[in-house]
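**Q** Residue-level listing of the chains:
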Amino acid sequence: MPSSQETIDSLAQREYKYGFVTDIESESLPPGINEDVVRAISAKKGEPDWMTQWRLKALNHWLTMPEPHWPFLPYGYGPIDYQALSYYSAPKRDKLKSLDEVDPKLLETYEKLGIPLNEQMALAGVAVDAVFDSVSVATTFKKKLEEAGVIFCPISEAIREHPELVQKYLGSVVPYSDNYFATLNSAVFSDGSFVYVPKGVRCPMELSTYFRINAQNTGQFERTLIVAEEGSYVSYLEGCTAPMRDENQLHAAVVELVAMKDAHIKYSTIQNWYPGDEEGKGGIYNFVTKRGACRGDRSHISWTQLETGSAITWKYPSVILQGDHSKGEFYSVAVTNGRQQADTGTKMIHIGRDTSSTIVSKGISAGQGHNTYRGLVKINPGAENARNYTQCDSMLIGDRCGAHTFPYIDIKNPTAKVEHEASTSKIGEDQMFYCKQRGITEEDAVSLIVNGFCKKVLAELPMEFAVEANKLLSISLEGSVG
Amino acid sequence: MATPLLEIRNLHASVDDKPILKGLSLTVNRGEVHSIMGPNGSGKSTLASVLAGHEAFEVTEGSILFKGEDLLEMDADERAILGLFLAFQYPVEIPGVSNTQFLKAAINARRKAAGEPEIDALAFLKLVKDKARTVNLDESLLKRSVNEGFSGGEKKRAEIFQMALLEPELGILDETDSGLDIDALRIVSEGVNAMRSPERSFVVITHYQRLLSHIVPDHVHILMNGRIVRSGGKELALQLEQEGYAALEAEVAATA
Chain A
83 MPSSQETIDS LAQREYKYGF VTDIESESLP PGINEDVVRA ISAKKGEPDW MTQWRLKALN
143 HWLTMPEPHW PFLPYGYGPI DYQALSYYSA PKRDKLKSLD EVDPKLLETY EKLGIPLNEQ
203 MALAGVAVDA VFDSVSVATT FKKKLEEAGV IFCPISEAIR EHPELVQKYL GSVVPYSDNY
263 FATLNSAVFS DGSFVYVPKG VRCPMELSTY FRINAQNTGQ FERTLIVAEE GSYVSYLEGC
323 TAPMRDENQL HAAVVELVAM KDAHIKYSTI QNWYPGDEEG KGGIYNFVTK RGACRGDRSH
383 ISWTQLETGS AITWKYPSVI LQGDHSKGEF YSVAVTNGRQ QADTGTKMIH IGRDTSSTIV
443 SKGISAGQGH NTYRGLVKIN PGAENARNYT QCDSMLIGDR CGAHTFPYID IKNPTAKVEH
503 EASTSKIGED QMFYCKQRGI TEEDAVSLIV NGFCKKVLAE LPMEFAVEAN KLLSISLEGS
563 VG
Chain B
160 MATPLLEIRN LHASVDDKPI LKGLSLTVNR GEVHSIMGPN GSGKSTLASV LAGHEAFEVT
220 EGSILFKGED LLEMDADERA ILGLFLAFQY PVEIPGVSNT QFLKAAINAR RKAAGEPEID
280 ALAFLKLVKD KARTVNLDES LLKRSVNEGF SGGEKKRAEI FQMALLEPEL GILDETDSGL
340 DIDALRIVSE GVNAMRSPER SFVVITHYQR LLSHIVPDHV HILMNGRIVR SGGKELALQL
400 EQEGYAALEA EVAATA
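Note that the protein sequences, when read in sequence, are chains A and B. Counting from 83, one number per residue, gives the positions in the first sequence under the numbering used here. Counting from 160, one number per residue, gives the positions in the second sequence under the numbering used here.
The reader is advised that the hints may include incorrect statements.
Stated by the list, open to error - Derived DMTMM-like pairs (lysine to aspartate or glutamate); straight-line CA-CA distance at most 25 Å:
{"id": "1", "chain 1": "A", "residue 1": "Lys494", "chain 2": "A", "residue 2": "Glu466"}
{"id": "2", "chain 1": "B", "residue 1": "Lys271", "chain 2": "A", "residue 2": "Glu525"}
{"id": "3", "chain 1": "A", "residue 1": "Lys429", "chain 2": "A", "residue 2": "Glu503"}
{"id": "4", "chain 1": "B", "residue 1": "Lys302", "chain 2": "A", "residue 2": "Glu525"}
{"id": "5", "chain 1": "A", "residue 1": "Lys139", "chain 2": "A", "residue 2": "Glu117"}
{"id": "6", "chain 1": "A", "residue 1": "Lys537", "chain 2": "B", "residue 2": "Asp297"}
{"id": "7", "chain 1": "B", "residue 1": "Lys302", "chain 2": "A", "residue 2": "Glu542"}
{"id": "8", "chain 1": "A", "residue 1": "Lys537", "chain 2": "B", "residue 2": "Glu252"}
{"id": "9", "chain 1": "A", "residue 1": "Lys538", "chain 2": "B", "residue 2": "Glu275"}
{"id": "10", "chain 1": "B", "residue 1": "Lys177", "chain 2": "A", "residue 2": "Glu511"}
{"id": "11", "chain 1": "B", "residue 1": "Lys271", "chain 2": "B", "residue 2": "Glu328"}
{"id": "12", "chain 1": "B", "residue 1": "Lys263", "chain 2": "A", "residue 2": "Asp512"}
{"id": "13", "chain 1": "B", "residue 1": "Lys271", "chain 2": "A", "residue 2": "Asp526"}
{"id": "14", "chain 1": "A", "residue 1": "Lys508", "chain 2": "B", "residue 2": "Asp176"}
{"id": "15", "chain 1": "A", "residue 1": "Lys553", "chain 2": "B", "residue 2": "Glu237"}
{"id": "16", "chain 1": "B", "residue 1": "Lys271", "chain 2": "A", "residue 2": "Glu550"}
{"id": "17", "chain 1": "B", "residue 1": "Lys263", "chain 2": "A", "residue 2": "Glu511"}
{"id": "18", "chain 1": "A", "residue 1": "Lys537", "chain 2": "B", "residue 2": "Glu277"}
{"id": "19", "chain 1": "A", "residue 1": "Lys508", "chain 2": "B", "residue 2": "Glu228"}
The set of hints was computed from the structure by calculation and includes no laboratory data.
Construct all of the structure, not just a fragment, from the sequences and the given hints.
**A** So this is what it looks like as structure tokens:
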């Protein structure tokens with residue numbers, strides 16, 4: 083087993099290799115970050131001056147910030163050389179000519195997930211000439227949304243086409259100065275999605291289900307902004323079940339949600355970035371800031387996440403409950419296998435009266451994985467009759483993994499009712515034996531037991547993803563018992 | 160002519176290096192019901208676990224043939240698919256996994272091994288309905304998680320229901336009667352009796368004779384200190400009931 087220092091060294095070397103050696107296309111900027119780079123990114127996207135200035139403010143602030151190192155990551159991670167990263171149109175990797183050149187293990191996984199062949203090629207980075215079915219799907223999709231008055235487009239397009247909306251809401255939930263990685267994202271974000279749902283509109287479809295392919299090009303500094311006006315509803319799904327390879331090791335995305343009076347935003351994530359090889363080398367660092375603001379009375383934001391990928395997952399999708407009677411929810415399944423590390427959870431900030439929040443977190447540790455739940459429930463002095471229910475369960479598979487829990491509860495109003503339940507269990511030898519005695523194989527038994535353990539969270543995912551999510555969980559835990 | 164289904168020869172098994180079974184031999188022919196009786200700690204449940212393939216038990220000596228195949232070479236799931244079923248003394252709970260899901264997985268594992276397609280939803284529902292009736296099992300229980308929140312009696316009935324559904328060739332009942340009231344005992348026994356056939360055998364492990372007046376065995380074996388010390392017909396169980404294990408223990412000690 084390599085020491086963590088060796089792992090770190092090799093990670094650093096990888097970064098170096100791909101950061102510098104790859105041919106830089108004429109469209110790309112050289113590696114490194116400074117004012118010129120930020121201005122160049124803004125110019126290439128044809129952004130208005132206010133946007134450029136905002137990016138520059140973020141950059142200047144970022145330069146004064148120390149890199150944080152507080153998450154619980156027993157294996158640590160290598161130093162990130164920010165000047166070695168490329169911040170615009172990260173160099174395109176050479177397209178492979180056919181599926182024969184793709185890692186057979188990856189193909190096997192696609193096969194198990196039932197992903198169509200042309201999507202497999204796109205995901206694996208094979209050049210594809212054929213026009214995807216999804217292009218026509220996308221057109222129909224777009225028309226339907228337009229009829230409903232919903233704006234759904236790349237954020238770069240929104241900055242040009244709907245500047246008044248973007249200017250009003252961008253950074254209003256996650257300010258440019260928020261934290262090291264969010265600030266970096268504010269300076270250099272590449273692209274992402276913008277969603278605006280007008281007053282009283284129920285978005286006619288789950289957004290982004292067809293994004294499986296498109297998502298691969300969103301890059302490492304993704305920025306998403308979703309605004310739901312009074313009485314509207316939208317459900318958004320990010321990511322995909324297929325393992326996605328990316329040569330960009332650092333992913334620092336920002337997602338902001340704004341829910342006005344009586345609005346409801348449901349945001350679901352399936353995260354399956356490359357976790358690294360068996361020794362944990364080469365995996366993605368997923369350092370993400372996700373936050374929603376329940377601005378209006380009776381507004382409702384719910385986060386659902388299934389995190390199975392990345393070498394390191396470090397994120398806390400949060401809800402600021404400003405409106406009276408507003409409601410925040412967080413449902414999470416985080417799986418760590420191999421040498422994966424996750425420090426994830428949520429923050430529920432109760433400000434308005436009669437606000438309520440629900441947290442259901444299921445952490446599964448297998449192999450040598452380490453899984454940490456870190457959560458904050460904060461009840462401000464003015465938050466009369468706030469309610470929180472937290473359920474935080476950990477499951478261990480094998481004896482070389484770890485589960486850790488850091489719940490923070492900060493109550494400033496005596497009328498608050500806060501419940502916290504936590505459990506840690508080892509996947510029972512007796513449960514396994516019981517399943518096997520009925521003829522169920524070891525792998526099927528693990529998947530059955532784990533899916534049962536996560537049921538409450540999986541039930542929150544949009545229907546069409548529930549089946550995929552089940553399969554993904556099983557695949558993530560393959561070979562973890564024995 | 161009697162065909163052996165299960166042949167145990169000189170079986171030695173231990174758990175955490177502590178020997179529990181010390182040279183047990185037993186042959187069960189097709190169509191026969193054998194009862195294993197014995198005091199607490201004699202190795203009855205160990206025998207059940209070893210037959211089913213629990214990894215915590217180490218077989219140190221001896222052999223077990225099931226349908227002529229070497230059972231000890233097989234994993235627990237392979238043994239199950241070959242036709243061995245254990246009705247557990249303490250069935251475990253599996254939170255979040257419905258009985259329906261669980262049983263479907265068990266049935267499909269068998270079908271997969273036989274090279275058959277997965278069972279279709281309608282056929283499965285009908286099968287479950289029919290079998291649930293045989294042990295008077297409330298169908299609403301099937302929607303709940305496996306054994307979760309079941310009473311002691313419901314758990315035991317659910318075990319027999321699973322056995323009826325999976326139709327094994329050898330059913331091992333590990334103290335299925337413990338914790339059952341007289342009505343539940345009757346229902347469970349009727350479920351087992353309904354399954355008796357010239358092809359199917361049972362090993363009924365019990366501490367008390369009362370189960371054996373419902374499921375009448377062809378052979379009764381007394382297990383003590385890891386070995387079978389006496390074998391006989393059903394009358395042996397009655398004798399034991401009257402005289403108690405202590406008397407027999409003394410007798411065995413005297414002849415040893």
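**Q** All hints, please: hold or fail.
**A** Checked hints:
Between the alpha carbons of lysine 494(A) and glutamate 466(A) the distance comes to roughly 10 Å, so the proposed pair stays at or under 25 Å and holds. A hinted pair counts as satisfied when its Cα atoms are at most 25 Å apart, and lysine 271(B) with glutamate 525(A) qualifies at roughly 15 Å. Restraint check for lysine 429(A) and glutamate 503(A): the C-alpha separation of about 16 Å stays at or below 25 Å, so the hint holds. For a cut-off of 25 Å, the pair hint linking lysine 302(B) to glutamate 525(A) stands: about 23 Å separates their Cα positions.
For the hint pairing lysine 139(A) with glutamate 117(A), the CA-to-CA distance comes to about 10 Å; that is within 25 Å, so the pair holds. For the hint pairing lysine 537(A) with aspartate 297(B), the CA-to-CA distance comes to about 24 Å; that is within 25 Å, so the pair holds. As the CA atoms of lysine 302(B) and glutamate 542(A) are separated by approximately 19 Å, the hinted pair is consistent with the 25 Å bound. A hinted pair counts as satisfied when its Cα atoms are at most 25 Å apart, and lysine 537(A) with glutamate 252(B) qualifies at roughly 15 Å.
A distance of roughly 33 Å separates the Cα atoms of lysine 538(A) and glutamate 275(B); the hinted pair therefore is violated under the 25 Å criterion. Restraint check: the Cα-Cα separation between lysine 177(B) and glutamate 511(A) comes to about 20 Å, which is no more than 25 Å; the hinted pair holds. Of the supplied pair hints, the one linking lysine 271(B) and glutamate 328(B) holds, its CA atoms being roughly 18 Å apart against a limit of 25 Å. Restraint check for lysine 263(B) and aspartate 512(A): satisfied, since their Cα atoms lie roughly 20 Å apart, inside the 25 Å limit.
Taken as a hint, the lysine 271(B) and aspartate 526(A) pair is honoured in the structure, with Cα atoms around 13 Å apart against an allowance of 25 Å. This hinted pair checks out: lysine 508(A) and aspartate 176(B) have alpha carbons roughly 24 Å apart, not beyond 25 Å. Proximity of lysine 553(A) to glutamate 237(B) is assessed by CA-CA distance (about 23 Å); at most 25 Å being required, the pair is judged to hold. For the hint pairing lysine 271(B) with glutamate 550(A), the CA-to-CA distance comes to about 21 Å; that is within 25 Å, so the pair holds.
In summary, the hint linking lysine 263(B) to glutamate 511(A) is supported, as the alpha carbons are separated by about 21 Å, within the 25 Å threshold. Straight-line distance between C-alpha atoms of lysine 537(A) and glutamate 277(B) comes to about 23 Å, which keeps the hinted pair within the 25 Å bound. Proximity of lysine 508(A) to glutamate 228(B) is assessed by CA-CA distance (about 34 Å); at most 25 Å being required, the pair is judged violated.
Checked against the numbered hints above, the structure violates hints 9, 19; every other hint is satisfied.
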